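Below are the chains, spelled out letter by letter.
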Amino acid sequence: MTLSHLHLVLNHVPVVGSVVAFGLLLLALVRHSADLRRAALEVVVLVGLFSLPAYLSGAGAQPELADKSAAAVAMVRAHHDAALLGSIAMLPTVMLAWVGLWQTRRLTRPARGVFGAVLLLAIVTLALMGRAANLGGLIRHPEVTALQAAQTAESAGWMTAWIARVGTLGTWAWPAAEALHFIGMALLFGILLAVNLRLLGMMKPVAFSVLHRLLPWAMLGLTINVVTGMVFVIGLPSQYAGWPFYWKIGLLIVGGAQLLYLTIADAPWNVTAGKNAPVLARTLASTGIVAWLVVMYFGRMLPYLGNSF
Amino acid sequence: MELLLWLENTSFATWVREGNTIFAYPTILFLHTLGLATVVGLSTVLNLRVLGIARKLPFAVLTPFIPVIWIAFAVTAASGVALFVANPGPRVESLVFFIKLVFVALAVATLHLMAKRIFRNPLADQSPLPRQARVLAVASMLFWVAATTAGRLMAYIV
Chain A
469 MTLSHLHLVL
479 NHVPVVGSVV
489 AFGLLLLALV
499 RHSADLRRAA
509 LEVVVLVGLF
519 SLPAYLSGAG
529 AQPELADKSA
539 AAVAMVRAHH
549 DAALLGSIAM
559 LPTVMLAWVG
569 LWQTRRLTRP
579 ARGVFGAVLL
589 LAIVTLALMG
599 RAANLGGLIR
609 HPEVTALQAA
619 QTAESAGWMT
629 AWIARVGTLG
639 TWAWPAAEAL
649 HFIGMALLFG
659 ILLAVNLRLL
669 GMMKPVAFSV
679 LHRLLPWAML
689 GLTINVVTGM
699 VFVIGLPSQY
709 AGWPFYWKIG
719 LLIVGGAQLL
729 YLTIADAPWN
739 VTAGKNAPVL
749 ARTLASTGIV
759 AWLVVMYFGR
769 MLPYLGNSF
Chain B
16 MELLLWLENT
26 SFATWVREGN
36 TIFAYPTILF
46 LHTLGLATVV
56 GLSTVLNLRV
66 LGIARKLPFA
76 VLTPFIPVIW
86 IAFAVTAASG
96 VALFVANPGP
106 RVESLVFFIK
116 LVFVALAVAT
126 LHLMAKRIFR
136 NPLADQSPLP
146 RQARVLAVAS
156 MLFWVAATTA
166 GRLMAYIV
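Chains A and B, in that order, give the protein sequences.
So for the first sequence, my numbering puts the first residue at 469; every next one is plus one.
So for the second sequence, my numbering puts the first residue at 16; every next one is plus one.
Just chain A, same shape as in the assembly:
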């Protein structure tokens, strides 16, 4: 299976996922249902998590198309720009949905305005992801593209081209992004290590809900690393097409899902002062810690097992 093939499978996630998420958000609004609202926000976060490999497989597949016609390459660039724009809209949508879930857990409902803002952002995301999908669909269909390719090629891919240029040719951007990536890593790993260790029996005198307060800082670390990580992938996509990177992203989804579990699930929240966590919560806590360890391992090993620097 080539990356192009993988991308053809995964590319439905951000588009169809955004449609489903938007539908659920709308339904929750109409029905005034707290359960639906929570489910809709959860779906937004999960769609965001699974959109990551869709984007990365597309960015990684670009070199595979390098020997194709100039028109095809221009269409790929235009599609990449559109996908990046969609991702830029999706990032705050997902982050805000996560904040809504965190507040739901702590205060029984999202703060005023958060849900509405997620809904509005979801509309923007849906529109931009639909546009990206439309441009992507043209790539493999030369019979459709003859005219459009000529029109699109004019301004194709200025945004990703700019990021790639500043990211790789500039002397400061790549090292600065690397430094931020390490700071985000320490924040994410340290906070989640502490929170998960409570479920494994450390800091037993306090309730889990006390540590839940720290989770937004882990989310901040994750956000920093998704943004800086995308700069690397856009800058030098060929460095990130290899099995160590697939493992990294696979385990990143596991770690992200475990963060969602810590944020919203009942089992950890109900671990009161002096109590042990149930077996499942403990298993998932260990899974989360191991997942982030593997993410860091393969990230650090990219230059040695893969071909990046």
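It is worth saying that the hints were derived from the structure and are not from the lab.
In this text the structure is predicted, and so the values were computed from the model without any measurement.
No false leads were slipped in.
Listed below are several chain A residues computed to face chain B (Cβ distance under 8 Å; list not exhaustive): (1) P643; (2) F650; (3) M764; (4) Y772.
Don't be surprised by glycine CBs; every beta carbon is placed ideally from N, CA and C.
The hints should help you fit chain B onto chain A, whose structure is shown.
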């Protein structure tokens, strides 16, 4: 300088530098990364608590993290020494490396001070913290950010 030359030519330094195995330089570098993530990340938990995040968390409950941080620091320092002896020449002359060591020293001193004054102080949970505690926490975060940034920059500016 002769000492450095001798260090560089020990069989251990040669193995770290030239060993044709994933367990030499790459794994030592990973241990360095894992150690720094644990030290900086868990220190951040302590600093955030001092700054008023998760107020219901007693300082006394967080004390077990202090030995964990010191163990992680030992791993980071030991792997750092191994990476240093593998190629000491450019590093002793590097300003970035010097800056990194200064900030690591400042951060470690701050951590020691915070451990003694706050986390191992039985009175800390009973009365509001003095202002200096917050200053220490902010300084600790800035020192770790500076040390991490300088360390990462060593890959680009030496």
